[in-house]
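The listed protein sequences correspond, in order, to chains A and B. Just so you know, we're using the numbering used here here: the first sequence kicks off at 1 and counts up by one. Just so you know, we're using the numbering used here here: the second sequence kicks off at 1 and counts up by one.
Incorrect hints may have been included.
Note that the list lumps identical chains together, so a pair holds whenever it fits in one copy or between two copies.
Okay, derived cross-link-like pairs now, DMTMM-like style, lysine to aspartate or glutamate, Cα gap no bigger than 20 Å in a straight line [claimed, not checked]:
#1 Lys64 <-> Glu146
#2 Lys64 <-> Asp28
#3 Lys64 <-> Asp78
#4 Lys53 <-> Glu135
#5 Lys90 <-> Glu29
#6 Lys53 <-> Glu128
#7 Lys64 <-> Glu99
#8 Lys64 <-> Glu26
#9 Lys64 <-> Asp106
#10 Lys90 <-> Glu55
Hints are computed from structural coordinates only; laboratory data are not their basis.
Now for the letters of each chain:
2 protein chains.
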Amino acid sequence: MRKTIALTLLAAMAVAPLQAQAPVREADEVIRYRQSLYATIGWNFGPIAAMLKGERAWNAAELKRRSIAVAFAAVQLDEAFAPGSDAVEKTDALPEIWEEPQAFADALREFQGASNQLRIASAGAAEEPIRAAFERTRKACKGCHERFRAD
Amino acid sequence: MRKTIALTLLAAMAVAPLQAQAPVREADEVIRYRQSLYATIGWNFGPIAAMLKGERAWNAAELKRRSIAVAFAAVQLDEAFAPGSDAVEKTDALPEIWEEPQAFADALREFQGASNQLRIASAGAAEEPIRAAFERTRKACKGCHERFRAD
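Produce the complete structure using the sequences and hints provided.
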């Protein structure tokens, strides 16, 4: 039931990858939005990672809440790499994002899938699926950053 | 059914108002997160407003998607006004937020309630409930900004 609930809501949020949505946005606004989503992801993923690493006490309710927020922001990223939003200096997004759109779309899909898996696992009580999904999510972050983000 | 779905998910996200969550965050991080949530709200509320004002073609799917995003960010704001996050210069948040916590909590609750009403209305086909909820949401934004945000 919970899976159905969240999947339905996430499905409602889904938009076409890398596709500019009406209305057209200024590059600055796209970049600000993109960075906002990553700030939201970091805000929520940090405490998740600390819990998984044993640096904080386990808090199932918080884990669930924060994993929903990460998965939700991940889906919203579909709108956040509109063409033209590479055209200013204040972004760490590398040109490869737009030069290799399929590879970037794949990397983004992997992050979305992994974070969604983490969200679903975090709704349950079993720790091992949570750890597996966390590891997949962490790798998705790292892989995408190494290839598509400036240091 | 749809109401139940979304309310369940939003309920899972709810945290105590104005209460600092573990772990303790640096003021800078809180402010960045707060501004990120408002950027997300603006990104999504702008096109909604344009639709409601007739400046853009009506798009029910987009309205639904963006109203979910606004309501979701509104709930996340509960974490974004932690004590101490008024202590630096780069915020438009007025001291009244922390000096009049009940009044601010009420204003935030009104925004959360209004945006949730908009989300629910946008899941349906009737235009009038959408317009009523939009108007309530717009007023909640304006009222809070006038009282608690610097020009």
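Quick rundown of the hints versus the structure:
Within a single copy, Lys64 and Glu146 get their C-alpha atoms no closer than 28 Å, and across copies no closer than 35 Å, so neither meets the 20 Å cut-off. Proximity of Lys64 and Asp28 under a CA criterion of 20 Å is satisfied in neither setting, with 33 Å inside one chain copy and 25 Å between copies. Taking the shortest Cα distances, Lys64 and Asp78 sit within 20 Å of each other only across copies (16 Å), while inside one copy they are farther apart (23 Å). For a Cα distance limit of 20 Å, the shortest separation of Lys53 from Glu135 inside one copy, 11 Å, qualifies, whereas the shortest one across copies, 46 Å, does not.
Within a single copy, Lys90 and Glu29 get their C-alpha atoms as close as 12 Å, and across copies as close as 19 Å, so both meet the 20 Å cut-off. For the identical chains of this complex, Lys53 and Glu128 are intra-copy neighbours only, at 13 Å inside a copy versus 50 Å across copies, given an alpha-carbon limit of 20 Å. In this assembly of identical chains, Lys64 and Glu99 lie within 20 Å of each other by CA distance neither inside one copy nor across copies; the values are 36 Å within and 32 Å between. Taking the shortest alpha-carbon separations for Lys64 and Glu26, neither the intra-copy value of 35 Å nor the inter-copy value of 23 Å comes in at or below 20 Å.
In this assembly of identical chains, Lys64 and Asp106 lie within 20 Å of each other by CA distance neither inside one copy nor across copies; the values are 26 Å within and 26 Å between. For a Cα distance limit of 20 Å, the shortest separation of Lys90 from Glu55 qualifies neither inside one copy, at 33 Å, nor across copies, at 31 Å.
Checked against the numbered hints given earlier, the structure breaks hints 1, 2, 7, 8, 9, 10 and satisfies all the rest.
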